[in-house]
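Going line by line, the protein sequences match chains A, B and C.
Taking my numbering, the leading residue of the first sequence gets 289, the next gets one more, and so forth.
Taking my numbering, the leading residue of the second sequence gets 289, the next gets one more, and so forth.
Taking my numbering, the leading residue of the third sequence gets 289, the next gets one more, and so forth.
Any given hint could be a false lead.
Note that identical chains are pooled: a pair holds if it fits in a single copy or bridges any two copies.
Cut-off 30 Å, straight-line C-alpha distance, at most; resulting in silico cross-link-like pairs (DSBU-like, lysine-lysine) [unchecked claim]:
no.	residue 1	residue 2
1	K590	K416
2	K321	K590
3	K336	K616
4	K616	K316
These are computed hints drawn from the structure, not numbers from a lab.
Keep in mind it's a predicted model, so treat the numbers as computed, not measured.
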Amino acid sequence: MTKSVPTQPAWPRNAWYVACTPDELGDKPLGRKICDESMVFYRGEDGKVAALEDFCPHRGAPLSLGFVRDGALVCGYHGLVMGCTGRAHSMPGQRVQGFPSIRAFPAIERYGFVWVWPGDAELADPAKLHPLPWAESDEWAYGGGLFHIACDYRLMIDNLMDLTHETYVHASSIGQREIDEAPVATRVEGDDVVTSRTMQSVQAPPFWRMALRHAGLPDDQPVDRWQICRFSLPSHVMIEVGVALEGRGGYEADPSAKASSIVVDFITPETEHSHWYFWGMARQFAVNDPAVTASVREGQGKIFSEDLAMLEQQQVNLLRYPDRRLLKLNIDAGSVRARMMIDRAIAAETATARVAAE
Amino acid sequence: MTKSVPTQPAWPRNAWYVACTPDELGDKPLGRKICDESMVFYRGEDGKVAALEDFCPHRGAPLSLGFVRDGALVCGYHGLVMGCTGRAHSMPGQRVQGFPSIRAFPAIERYGFVWVWPGDAELADPAKLHPLPWAESDEWAYGGGLFHIACDYRLMIDNLMDLTHETYVHASSIGQREIDEAPVATRVEGDDVVTSRTMQSVQAPPFWRMALRHAGLPDDQPVDRWQICRFSLPSHVMIEVGVALEGRGGYEADPSAKASSIVVDFITPETEHSHWYFWGMARQFAVNDPAVTASVREGQGKIFSEDLAMLEQQQVNLLRYPDRRLLKLNIDAGSVRARMMIDRAIAAETATARVAAE
Amino acid sequence: MTKSVPTQPAWPRNAWYVACTPDELGDKPLGRKICDESMVFYRGEDGKVAALEDFCPHRGAPLSLGFVRDGALVCGYHGLVMGCTGRAHSMPGQRVQGFPSIRAFPAIERYGFVWVWPGDAELADPAKLHPLPWAESDEWAYGGGLFHIACDYRLMIDNLMDLTHETYVHASSIGQREIDEAPVATRVEGDDVVTSRTMQSVQAPPFWRMALRHAGLPDDQPVDRWQICRFSLPSHVMIEVGVALEGRGGYEADPSAKASSIVVDFITPETEHSHWYFWGMARQFAVNDPAVTASVREGQGKIFSEDLAMLEQQQVNLLRYPDRRLLKLNIDAGSVRARMMIDRAIAAETATARVAAE
Numbered sequence: 289m290t291k292s293v294p295t296q297p298a299w300p301r302n303a304w305y306v307a308c309t310p311d312e313l314g315d316k317p318l319g320r321k322i323c324d325e326s327m328v329f330y331r332g333e334d335g336k337v338a339a340l341e342d343f344c345p346h347r348g349a350p351l352s353l354g355f356v357r358d359g360a361l362v363c364g365y366h367g368l369v370m371g372c373t374g375r376a377h378s379m380p381g382q383r384v385q386g387f388p389s390i391r392a393f394p395a396i397e398r399y400g401f402v403w404v405w406p407g408d409a410e411l412a413d414p415a416k417l418h419p420l421p422w423a424e425s426d427e428w429a430y431g432g433g434l435f436h437i438a439c440d441y442r443l444m445i446d447n448l449m450d451l452t453h454e455t456y457v458h459a460s461s462i463g464q465r466e467i468d469e470a471p472v473a474t475r476v477e478g479d480d481v482v483t484s485r486t487m488q489s490v491q492a493p494p495f496w497r498m499a500l501r502h503a504g505l506p507d508d509q510p511v512d513r514w515q516i517c518r519f520s521l522p523s524h525v526m527i528e529v530g531v532a533l534e535g536r537g538g539y540e541a542d543p544s545a546k547a548s549s550i551v552v553d554f555i556t557p558e559t560e561h562s563h564w565y566f567w568g569m570a571r572q573f574a575v576n577d578p579a580v581t582a583s584v585r586e587g588q589g590k591i592f593s594e595d596l597a598m599l600e601q602q603q604v605n606l607l608r609y610p611d612r613r614l615l616k617l618n619i620d621a622g623s624v625r626a627r628m629m630i631d632r633a634i635a636a637e638t639a640t641a642r643v644a645a646e
Numbered sequence: 289m290t291k292s293v294p295t296q297p298a299w300p301r302n303a304w305y306v307a308c309t310p311d312e313l314g315d316k317p318l319g320r321k322i323c324d325e326s327m328v329f330y331r332g333e334d335g336k337v338a339a340l341e342d343f344c345p346h347r348g349a350p351l352s353l354g355f356v357r358d359g360a361l362v363c364g365y366h367g368l369v370m371g372c373t374g375r376a377h378s379m380p381g382q383r384v385q386g387f388p389s390i391r392a393f394p395a396i397e398r399y400g401f402v403w404v405w406p407g408d409a410e411l412a413d414p415a416k417l418h419p420l421p422w423a424e425s426d427e428w429a430y431g432g433g434l435f436h437i438a439c440d441y442r443l444m445i446d447n448l449m450d451l452t453h454e455t456y457v458h459a460s461s462i463g464q465r466e467i468d469e470a471p472v473a474t475r476v477e478g479d480d481v482v483t484s485r486t487m488q489s490v491q492a493p494p495f496w497r498m499a500l501r502h503a504g505l506p507d508d509q510p511v512d513r514w515q516i517c518r519f520s521l522p523s524h525v526m527i528e529v530g531v532a533l534e535g536r537g538g539y540e541a542d543p544s545a546k547a548s549s550i551v552v553d554f555i556t557p558e559t560e561h562s563h564w565y566f567w568g569m570a571r572q573f574a575v576n577d578p579a580v581t582a583s584v585r586e587g588q589g590k591i592f593s594e595d596l597a598m599l600e601q602q603q604v605n606l607l608r609y610p611d612r613r614l615l616k617l618n619i620d621a622g623s624v625r626a627r628m629m630i631d632r633a634i635a636a637e638t639a640t641a642r643v644a645a646e
Numbered sequence: 289m290t291k292s293v294p295t296q297p298a299w300p301r302n303a304w305y306v307a308c309t310p311d312e313l314g315d316k317p318l319g320r321k322i323c324d325e326s327m328v329f330y331r332g333e334d335g336k337v338a339a340l341e342d343f344c345p346h347r348g349a350p351l352s353l354g355f356v357r358d359g360a361l362v363c364g365y366h367g368l369v370m371g372c373t374g375r376a377h378s379m380p381g382q383r384v385q386g387f388p389s390i391r392a393f394p395a396i397e398r399y400g401f402v403w404v405w406p407g408d409a410e411l412a413d414p415a416k417l418h419p420l421p422w423a424e425s426d427e428w429a430y431g432g433g434l435f436h437i438a439c440d441y442r443l444m445i446d447n448l449m450d451l452t453h454e455t456y457v458h459a460s461s462i463g464q465r466e467i468d469e470a471p472v473a474t475r476v477e478g479d480d481v482v483t484s485r486t487m488q489s490v491q492a493p494p495f496w497r498m499a500l501r502h503a504g505l506p507d508d509q510p511v512d513r514w515q516i517c518r519f520s521l522p523s524h525v526m527i528e529v530g531v532a533l534e535g536r537g538g539y540e541a542d543p544s545a546k547a548s549s550i551v552v553d554f555i556t557p558e559t560e561h562s563h564w565y566f567w568g569m570a571r572q573f574a575v576n577d578p579a580v581t582a583s584v585r586e587g588q589g590k591i592f593s594e595d596l597a598m599l600e601q602q603q604v605n606l607l608r609y610p611d612r613r614l615l616k617l618n619i620d621a622g623s624v625r626a627r628m629m630i631d632r633a634i635a636a637e638t639a640t641a642r643v644a645a646e
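Please construct the entire structure, taking both the sequences and the accompanying hints into account.
What follows is the structure, given as structure tokens:
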């Protein structure tokens with residue numbers, strides 16, 4: 289017997305996505321749509337993060353308009369108290385045993401992020417979290433932000449897996465002509481896709497001159513520059529970037545001769561045509577200087593807002609011409625392979641669902 | 289022979305709805321959509337209120353962009369003059385006898401409101417107006433306002449027929465824990481639904497302490513509090529509310545021992561997912577003090593704007609999950625029965641229309 | 289063999305439309321949708337205007353977010369350089385010979401406007417440009433502006449081919465009761481439709497009193513006034529307007545006894561329910577006084593913004609009642625015939641396309 293199976297989704301469901309940052313979860317619950325699911329996040333018992341469907345089983349009010357009391361989520365309309373498993377806990381003057389449950393989503397707080405698993409709860413394994421060693425090391429500092437962007441999350445992956453665009457979109461900060469001219473190399477490592485580019489003996493652009501100064505290095509000499517973009521399922525892109533004094537080994541140079549960081553990109557689908565973009569930078573220079581964190585964060589925010597306008601307009605254009613095929617050039621190899629990884633993960637989930645439905 | 293009959297509407301059509309307040313009808317006509325009909329309201333001959341379709345039969349311009357001259361509505365585009373029956377009256381250089389008519393809607397100004405009948409004009413009977421004796425009495429004062437709310441008008445009826453929500457939505461003004469704890473009693477009186485709740489020996493919340501002071505009563509003693517919500521077709525909810533000094537008979541107490549008022553709610557559908565909410569309070573304390581009217585009005589406006597956010601988000605959620613059944617608890621009995629009254633009225637109109645069409 | 293033919297379009301495609309004014313084309317390219325085509329305009333080699341589809345063949349980004357370098361349009365995302373014929377010219381590190389082309393639209397800069405031909409490029413003939421002799425004469429001055437209006441471009445043509453509306457929409461500036469009372473005469477001249485109205489011995493309204501003063505004429509005496517509206521395909525309306533001292537021949541009066549001008553209206557469809565309205569006035573009084581140009585422009589802008597509100601609301605109303613037929617009065621004869629010209633032009637294009645497809 290065959291039951292109906294959902295149509296091809298636009299993202300893998302059985303994966304950990306970044307849902308929010310801990311500072312977004314204060315006293316009030318947080319409502320956020322992720323992978324087309326309206327969710328409410330809050331700190332339950334012992335301050336542990338919980339995620340539920342944002343829908344009160346009594347009258348359908350959003351639970352995110354409610355409040356947290358004694359580690360339980362209270363609906364702000366008529367006071368139904370929800371437990372973190374999605375079962376009604378209590379309601380003044382009512383017996384709640386027979387109330388319908390709502391979905392609870394596995395959620396974890398780690399590495400300075402709150403992660404959620406939109407798919408089958410039984411498959412949610414904390415061991416599958418994307419490892420972020422720098423997030424637990426004193427030798428690194430991190431700062432970042434969040435944008436809501438009205439385009440398919442995959443357009444952002446395309447953007448980040450081909451940094452050629454820096455020359456054009458970010459001409460005044462991190463772009464430079466030599467990026468265009470350097471060939472890219474793309475390889476697959478397990479489920480990851482890595483695309484890299486190195487530039488020998490170039491002038492450092494403004495951002496990197498700043499970084500060199502903070503690292504105690506001269507900012508007016510030729511450098512070797514690298515960009516190593518790593519895509520991981522479901523939709524994370526970590527980009528190792530840096531400059532080393534010329535001829536000192538580039539990416540492999542001794543730490544005393546280089547300035548480097550990791551551009552951190554968690555790209556969480558909201559709907560098919562919008563996403564939450566958690567961006568940031570983990571750096572190994574001036575790690576104890578909060579002013580540098582603030583300044584890097586501000587600069588990065590400006591740079592990434594330049595992408596935002598381009599991506600949202602690109603989305604509008606693509607929706608106008610749904611049948612037009614785009615080019616897949618050598619510079620697009622990274623994003624083409626990343627999309628293949630995504631498609632393969634979706635197909636595997638769909639096949640599993642079909643088997644389970646038979 | 290069977291003609292086509294409109295599909296099940298979302299509201300009774302043959303009923304008087306509040307359309308606007310007289311102060312909204314100045315020199316300019318007023319355009320307002322009511323029960324999915326675009327209407328224009330203006331003062332015709334002798335200042336009498338008239339309501340027409342907001343559509344000029346010449347070129348389709350909205351008549352509400354025009355002006356009133358000598359008691360006739362003049363289209364602001366090319367000067368077609370409409371009579372209050374929906375027939376063209378005149379037009380410079382034109383013979384208008386053959387012009388198509390537009391609909392005229394029965395309209396009445398009474399009790400401080402303008403009422404309109406969106407259904408069959410022949411059935412419009414002023415005697416069917418909802419009686420508002422307090423509106424014509426010197427012993428009462430009234431103040432109110434108007435909100436446009438993006439939700440089904442029935443969600444507002446639900447809201448008003450279950451005041452449990454006061455504890456949560458209006459915690460800082462009229463809510464108090466004892467509301468939750470007091471059982472509700474629901475009864476049907478003819479076409480009306482009445483749901484009531486009494487609280488014995490409670491502390492008066494801030495609003496009622498203010499009212500007690502204005503009534504010349506102590507505000508720091510226990511009181512007996514009551515809430516009697518009365519739904520009348522098509523969509524009116526009058527709520528008798530008050531407090532009496534403890535043990536003096538509550539609702540039945542002598543006027544010298546209590547402070548009371550009527551929360552007035554006229555809920556006029558605009559579209560299936562939006563409505564006009566005319567709210568106000570008729571009170572029997574400090575009736576000659578306009579400062580109290582202003583203060584009560586301001587406080588009530590703040591309280592009702594708390595409902596607005598909740599209701600609009602509830603609507604969004606319900607549209608996301610159209611197939612999900614909501615719970616009907618004992619506290620929901622009033623709204624459940626009110627909706628039954630509405631459904632019955634709609635069904636009766638539909639049956640009549642079907643017979644007429646045969 | 290019959291191929292599929294597009295459904296009936298809402299405008300002639302094989303015609304010159306005003307796309308923008310030269311001052312809108314500075315260093316940055318300009319993105320504008322015209323006749324439902326997303327176009328990008330820029331100055332190519334030698335400053336010559338070019339128009340392309342606003343879609344980069346690489347990844348679909350809008351080319352209008354890019355920049356112009358050495359007379360070529362560079363995509364602002366990854367640097368693809370487009371030639372003005374719609375073929376990719378170059379891209380860093382890429383061979384572009386096999387890249388798909390995008391559409392190039394014939395474009396001409398003349399008479400102070402940039403014109404574009406949205407239809408078949410082979411048919412684009414500069415000789416078919418609407419002649420504007422005043423635009424190349426020292427005896428005339430011109431000033432104008434641009435509005436984006438959310439209504440079918442044909443509603444604007446209706447508006448301009450029946451100036452009865454001036455009495456109502458523009459009561460305080462150019463309207464006067466006598467417009468209503470004067471009969472209109474409508475005639476067809478080739479593909480043009482001309483509708484005219486004269487008023488004998490009237491008081492000049494404010495705008496024309498100003499014009500009389502600038503022409504060195506008394507502004508307090510009766511005048512003969514004329515309005516001659518001329519529609520030309522695809523959607524241009526030129527209106528000769530003026531006043532002459534009473535009894536001096538009206539429109540035919542000696543220039544020393546009159547003040548006159550041409551209201552210039554280029555009405556360019558954007559979508560089926562929106563258009564670009566290029567409005568202005570070419571005048572023969574005070575031609576060397578830029579302050580008069582500024583003042584006339586400001587006044588005209590105010591007057592035309594009164595039409596804007598009416599037209600957008602009329603469009604909303606018409607979409608609500610798609611089946612309701614509008615009246616075609618004698619005052620509507622000009623617009624009725626103009627629409628017949630448009631329909632005929634569309635039908636001729638459709639027939640040609642059908643023959644070509646067979």
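Structure-based check of each hint:
1. In this homomeric assembly, K590 and K416 never come within 30 Å of each other (Cα to Cα): the closest approach is 32 Å inside a single copy and 48 Å across copies.
2. Taking the closest pair of Cα atoms, K321 and K590 come within 30 Å of each other both inside a single copy (25 Å) and across two copies (29 Å).
3. In this assembly of identical chains, the alpha carbons of K336 and K616 never lie at most 30 Å apart, being 45 Å within a copy and 32 Å across copies at closest.
4. Taking CA atoms no more than 30 Å apart as the test, K616 paired with K316 passes between copies only; the shortest distance there is 28 Å, against 45 Å inside one copy.
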